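Trainee: Each chain is listed here by its residues.
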Amino acid sequence: MANYYDDNKDIEFYLNNYDLSELVSLYENNYEEVKKYDFAPENYNDAMENYKLSLNILGKIAGDIIAENADSVDEEGAKFENGEVTYAKGTRINLDMLKKAGLNGVTLPREYFGLNFPTLIYVMMIEIVSRADGSLMNLFGLQDIGETINDFGSEEQKKKYCSAFAKGEATGAMILTEPDAGSDLQSVRTKAVWDEKESCFRLYGVKRFITNGNADISLVLARSEEGTTDARGLSMFVIERDETVQIRRIEDKLGIHGSPTCEIEFHGTKAELVGKRGYGLIKYVMTLMNGARIGVSAQALGIAEEAYREAYAYAEEREQFGKSIINFPMVRRMLDDMKMELDAMRALLYNTTIAVDYKKIYEKKYEATGDKSIRKLYQYYNKLAGFLTPLSKFYLTEVGNKICYDALQIHGGTGYMRDFKIQRLYRDIRITNIYEGTTQLQVVAAIGFITSGLYFKFMEEAIEKTELGLVEHINKTKDLLNELKALVELLKKEENHTKKEYYESDLVEIAAIITIAIFMLQNAKYSEEKVQIAERYIHERFPKAKYLIDRIKS
Amino acid sequence: MRIVVLAKQVPDTKNVPENAMKEDGTLNRQALPAIFNPEDLNALEMALELKDRYGAYITVISMGPPNAKEVLKDSLYRGADKTVLISDRKLAGSDTLATSVALAGAIKHVEPNFDLIICGRQAIDGDTAQVGPQVAEKLNVPQITYTLSIEEVDSKEVICDREIENGVEKVKATLPVLLTVTKEANIPRPENVKMMMKYKKADIAPESKIKIDMLSLDDIGVDAKYVGLNGSPTKVKNIESVVIAKKETKDYSPDENGIKELFNDLMENHLVG
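If you read the protein sequences in the order shown, they are chains L and P. Quick note: the first sequence, position 99, residue 98 per numbering that gives the first Met the number 0, numbers continuous. Quick note: the second sequence, position 10, residue 9 per numbering that gives the first Met the number 0, numbers continuous.
Looking at chain L on its own, in the form it has when it is part of the complex (with noise of 0.2 Å):
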């Protein structure tokens, strides 16, 4: 009887302790829904308390039932056979419990059968999938999917498409990438052509690397502009699984197994137009991969959280020179800054979710009604969640490659035997700095905002909420901040573009250091036990922040 939620109080520190009631509120129209549906809340200790107990049921099901089908999963993988893909028995057993659950449509409006839960909930509850079963989440985080058919689609195509997803009746897939359209998706090939006959798009081309591409229901990047060659000729569709989609083969891959990896073929798929032509790439997909990176994220802290904990459990159990080897000071403290970077993790990845919660809510509120103050809500943010997104994938996906690498080092040789849950851990993480955006790609997309100064803007508006009896580390992060302010300032008058790309990576490193003392310092409002655990960050993080000033300088 386990429960990946419960279990795990760190979760629901947030929703205890963060004052959410505006944004709650915002989600549930003033608590308007609850005229219609006789399951939307009350009030905002009600609502709290539903998001509480959906958690909690999810972390059962995590706990009982995905995690103890985790290595039958991995051993087994998804099939493929005849064109078709199968997923593995406790795969399907997994979605099957999922859907039973009503856990399909979270985040998609309760008239289309969704919960109308804010993005933050999910993000939780992907957490908690990840780390029972990370192939899982490929699966269950293709909400995004529903979602985005939610924001840019008809009202025929929401009707359709997101009920069926919300009910569990269809799975999803986002079909993008292709053989040479990696990382640089304006190159785009796949060919969606204007059928007169039938008056509907067609789509003819290859695509590669797609997760769950045996989906009913997918969104593709197609380019329907002819001869055009860049991100404007590209637009957005969405087909039903048909005889003209064929899958050729599946990845054979160094984990995830679960997820079945795709490469599809279009032979002339039926497809509609999914918002306005021209705009796939420029908005709606860099709209589902921002989500698809705060899902991607969420996947790494759920597996590193897991991992921690099976080197946590070794540790005490293993014995070695006549005593177990959490007492040796090497292996305690690298169970230590484990445990200290979840918490940084979580901090940051739910204070980025908050954030685009905001934009999310600010700009539906912004077309229905045009005020302007609420435009100017809206966009900031917009740039606050822009900003956040790519630094919470860049550093959790990274810092959870390394807890499981040291998890997997805590178990000596052990940990590199099939027997044990760590070496699955370990590969499972592999790929979440590098799908949905590398970790360079996000550095890309971060960057900008700390050359322009708006990050500044950021850091010293969050400073404020800090808790201020703690004032030797606001100061020093204010010290740290500062000292990055000049350093971006000197790079600025550096005329070499390869020397100033060449340290962006550490730029965005530092800002997320101070980012997330930030956030702790924050946090440390509501428990002497969040005061501890920033300060230990502080004290561990900021001499390497220094370092990394200190080198570029140099």
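Do not take every clue at face value.
[Stated by the list, open to error] Reference listing, derived: stretches of chain L covered by chain P, where coverage requires no fewer than 3 residues with Cβ under 8 Å from a Cβ of chain P:
{"id": "1", "stretch": "38-50"}
{"id": "2", "stretch": "57-64"}
{"id": "3", "stretch": "99-110"}
Don't read these hints as lab results, they were simulated from the structure. What you are looking at is a predicted structure, and each value in this text was computed from that prediction instead of being measured. Glycine is no exception: its CB is placed at the ideal position from the N, C-alpha and C atoms.
Let chain L serve as the given structure and place chain P on it in line with the hints.
Mentor: Okay, now just chain P, sitting in the frame of chain L:
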């Protein structure tokens, strides 16, 4: 199709805390968390699968103290249509016979036109596996015990696979029928979050907006003399806590001499020979 599921709230005997046993060897119920009897969850799941396949109206009935409403709420979260709690002080001390009298009375009152009654094989607190069969007997309907799966149900009969020693037996019975279900039958579905948000406020209190019916013996028309201690031929004389200690075991070496020694001991104790 009208289905009745019988469910019991039981102490969680799998997660026993240290203070679970009183000094006199009886159970300290307060110290044990109360849970949905595991095989009753398998019974509910079987009913819900039938609902998914054919459509059905599921009534879950539980007998117990007011707090047993929790298993009924849980049933609503998973997809039950109606829940009834049979609660009466006069029921205290009921053995399996008295319990089956009360449950049969409740079924006659609440859902007289049932097609199927599904219950768990046994509860983890008593382990008797008697209540299901006795309810069938009281209602004068056929029973299929140790059901693993239902192949088919129509308006007249049901075909089931039931577990037997070293195999599976396919049996057919006319409706109405009572089935008892083992944990091998299925994996119970989780609570549904929407149902939970809707029914979390369900309660037995009269002022509750969403009501769980609570009925007394008078409500269901069962005479108190057939239930509780009066109606229970099973009398508990005393309860002993038997601890099997290691000193009562003896190791024999796995060779000719060891076997000889074992036989000698068994002969000496008159266990063989």
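Trainee: If a hint holds in the structure, say so; if it doesn't, say that too.
Mentor: So, going through the hints one by one against the coordinates:
1. 38-50: holds (count 5)
2. 57-64: holds (count 3)
3. 99-110: Satisfied; 4 residues make the cut.
In summary, the structure agrees with every hint in the numbered list given earlier.
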